[in-house]
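> Chain residues, written in single-letter form:
2 protein chains.
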Amino acid sequence: MKFEVVSKDNESKARAGLLHIGGKVIETPVFMPVGTQGTVKTLSPEDLREAGTKIILANTYHLYLRPGDQLIKELGGLHRFTGWSDPILTDSGGFQVFSLADLVKIEDDGVWFQSHIDGAHHLFTPEKVIKIQKNLGSDIIMPLDQPVPFPSDFVIVENSVDKTINWAEKSKKTFENEPSVINENQSLFGIIQGATFKELRKKCILSIVEMDFPGYAIGGLSVGEPKEILYEISDFSTDLLPEEKPRYLMGVGKPEDLVYCVERGIDMFDCVIPTRNGRNGTVFTFEGKLVVKNSEFKDDKKPIEEECLCYACRNFSRAYIRHLFQAGEILALRLATLHNITFYNRILREIRFSIIEGNFQFWKKTFFEKYLLK
Amino acid sequence: MKFEVVSKDNESKARAGLLHIGGKVIETPVFMPVGTQGTVKTLSPEDLREAGTKIILANTYHLYLRPGDQLIKELGGLHRFTGWSDPILTDSGGFQVFSLADLVKIEDDGVWFQSHIDGAHHLFTPEKVIKIQKNLGSDIIMPLDQPVPFPSDFVIVENSVDKTINWAEKSKKTFENEPSVINENQSLFGIIQGATFKELRKKCILSIVEMDFPGYAIGGLSVGEPKEILYEISDFSTDLLPEEKPRYLMGVGKPEDLVYCVERGIDMFDCVIPTRNGRNGTVFTFEGKLVVKNSEFKDDKKPIEEECLCYACRNFSRAYIRHLFQAGEILALRLATLHNITFYNRILREIRFSIIEGNFQFWKKTFFEKYLLK
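Chains as they are written, first to last, in this note's numbering: chain A, 1 to 374; chain B, 1001 to 1374.
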């Protein structure tokens, strides 16, 4: 993996880059749709490509439990299994263990949990999580970390930071020693924890950066803290992260968050908002969001967004999509998801272009004049 | 609408034809996927075209209740509304009234029923059903008929046949007198009832054919009668129907039924089997059907069917599709549906080609040597 910053905004930390992964080039800033179970819900790989997606995220926790990383390895790895031939980032499973699993028990060496599917007991260690991701063959893999809920006491966060640092070392060692059978171009990112405590964030960053990873993820945000804190911690963190490495803000966010966080030096995002909201009948446009399943759209001949070139907007009216939602038709979920992913990609492509053209601040001003924050 | 028989089998009543509808040409025999609510469940119009579909069916009953034929008219008709620009056949709603609605009350002039959605009372008359379909702007429209359950007594069936004949006359009058605002190329087919009584089928056919429709549908079958009776009544009916008009067997059927009924002179089919079975995890191949969600396929690297060129078979293994079903992912339903529709279209295309080549009997023999009836 190679990352290069190709252009920088003069008045902020926003930057446009290129992420080279095994022969593929990803323009940054980039949004990674969430494909929890090896599929971005409702979309095919072809739909994703049409929407402009170049990299997706898949969940280690889910794929480990079902269908199992061993099976995926036997079937040739995650790319072959899912039919998605472009890059895939897999998370560490840490977040899901704490948010989805039952009876979580944290030990020094790892974390015990019960599967949310069948209640079976499992242990995630830093070593095991790396081995799982080697089996999956994803392009960017993440080390086991320990996120904490918001708010958490300083001592608890400090402890989670120490564990995250300790586990990162173990992860790196395993990553370097375990053979890469499925994908020879895997990279391991470092994850920064520390919740909302700058002191702990700094401690974590210094230790993790010291280990020298090809990219850094800011974790433990977007877990209920106020938006100003999300922006402030992102800002604080990117100041301490190396300029020449990609920075990935995990689990963020809304369209406006993409703008604010690119401005603070973030290059990569993932979030369930465009997909989950789409399935719930909420779609995004440059004039804000619409609940397209609402009755106000029942005879609206316009597409979701006039300027959008996605398949949904080229072919269907709001009235039809609203009808599909009313009638409980699956096509509704897909069209809304497809539009939302396209919208997220459009925002970041516009941002990137404006950075390169040297007018990101103007773009941002224009964007927020039209975009209604609801 | 114009229909021409281009080739006939020497040893059976099987025929290959061309159905010209408003500038579009449909090769027959043809299968019409069911798009109950103005969408073939899980598929986009683009998916359908990729699967080789040239004409779909939509349900008058459902669209009348939701979103309403007036709204669809205001939005430019069903083609514009749904984004499906190829021909659409709409049924009369008769079958749904008897199978879905509550408190059905048949009168001489029509049928009262309660909506299965909100319990509201509605009246379908032959005249109203034609007006609804004029609003929808479908290409082939069907008159209100009165199907009966299987088995039914002779007197009941006789009564339903008389009503069907009487309503067909009224339908034709309304069809000819009502302006076609949405679609100037609409055609009205005649429907034959008579259940399993040949005498009543004959009576119905003679009366309906006397009225001279551009095509004839055989209704009231595939409602639980033994398969031999379905084939026998189809056979009996096509003997009495004019050679130069298309014959549509409503609600049929399984892959083998397509073969047996083309052999008996049928040109058009519709059925929920490929779509409904697909959503339930059952897929069809030339070697019979597979329950792809079963655990036996959990590590099966093969596509659903090696020779199939559909998007599902070109890109995904049985193991992946099985995983998607296990994980409750919507993409599973779509891939299985897409394959099944493609399979139905392939069967009929192969049959058509074999008729033209003069080897339908050989094709049929070869087909049943491989196709396992389960």
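Honestly, I wouldn't trust all of these hints.
Stated by the list, open to error - Which bits of chain B does chain A cover? Going by a derived footprint, with three or more residues having C-beta under 8 Å, they are:
1) 1041 to 1052
2) 1077 to 1091
Said to hold, decoys possible - Computed far set for chain B versus chain A, every beta-carbon distance over 12 Å:
3) F1003
4) H1062
5) R1066
6) Q1070
7) I1072
8) K1128
9) S1222
10) P1226
11) D1299
12) D1300
13) E1307
14) R1322
15) E1329
16) L1335
Keep in mind that the hints were calculated from the coordinates and are not lab data.
Bear in mind that the values here come from a model prediction, so they are computed numbers and not experimental data.
Glycine included, C-beta positions come from ideal geometry on N, C-alpha and C.
> Does each hint fit the structure? Answer for all of them.
Status of the hints after comparison with the structure:
1. Check on the segment 1041 to 1052 of chain B: 6 of its residues sit with their Cβ under 8 Å from a Cβ of chain A, so the three-residue criterion for coverage holds.
2. Restraint check on the segment 1077 to 1091 of chain B versus chain A: 3 residues with Cβ-Cβ distances below 8 Å, three needed, restraint holds.
3. Even its closest Cβ contact with chain A, about 30 Å, leaves F1003 of chain B beyond 12 Å, as expected for a residue assigned away from the interface.
4. For H1062 of chain B, the shortest C-beta to C-beta distance to chain A comes to about 8 Å, within the 12 Å cut-off, and the non-interface label is violated.
5. With a closest Cβ-Cβ approach of about 6 Å to chain A, R1066 of chain B is found to fall inside the 12 Å limit, against its non-interface label.
6. The Cβ of Q1070 of chain B does not lie farther than 12 Å from every Cβ of chain A; its closest approach is about 10 Å, which violates its non-interface assignment.
7. With a closest Cβ-Cβ approach of about 9 Å to chain A, I1072 of chain B is found to fall inside the 12 Å limit, against its non-interface label.
8. Here K1128 of chain B stays apart from chain A, with its beta-carbon at least about 21 Å from theirs, past the 12 Å limit.
9. Here S1222 of chain B stays apart from chain A, with its beta-carbon at least about 24 Å from theirs, past the 12 Å limit.
10. With a least beta-carbon separation of about 34 Å from chain A, P1226 of chain B lies farther than 12 Å from that chain, consistent with its non-interface assignment.
11. At roughly 6 Å from the closest C-beta of chain A, the C-beta of D1299 of chain B falls inside 12 Å, breaking its exclusion from the interface.
12. At the 12 Å boundary, the C-beta of D1300 of chain B falls inside the reach of chain A, the nearest C-beta of that chain being 9 Å off.
13. Separation of E1307 of chain B from chain A is adequate, the least Cβ-Cβ distance of about 19 Å exceeding the 12 Å criterion.
14. For R1322 of chain B, the shortest C-beta to C-beta distance to chain A comes to about 8 Å, within the 12 Å cut-off, and the non-interface label is violated.
15. Non-interface status of E1329 of chain B relative to chain A is broken: a Cβ of that chain comes within 12 Å, the nearest being about 5 Å off.
16. A beta-carbon of chain A is positioned within 12 Å of the beta-carbon of L1335 of chain B; the least distance is around 8 Å.
Checked against the numbered hints listed earlier, the structure breaks hints 4, 5, 6, 7, 11, 12, 14, 15 and 16; every other hint is satisfied.
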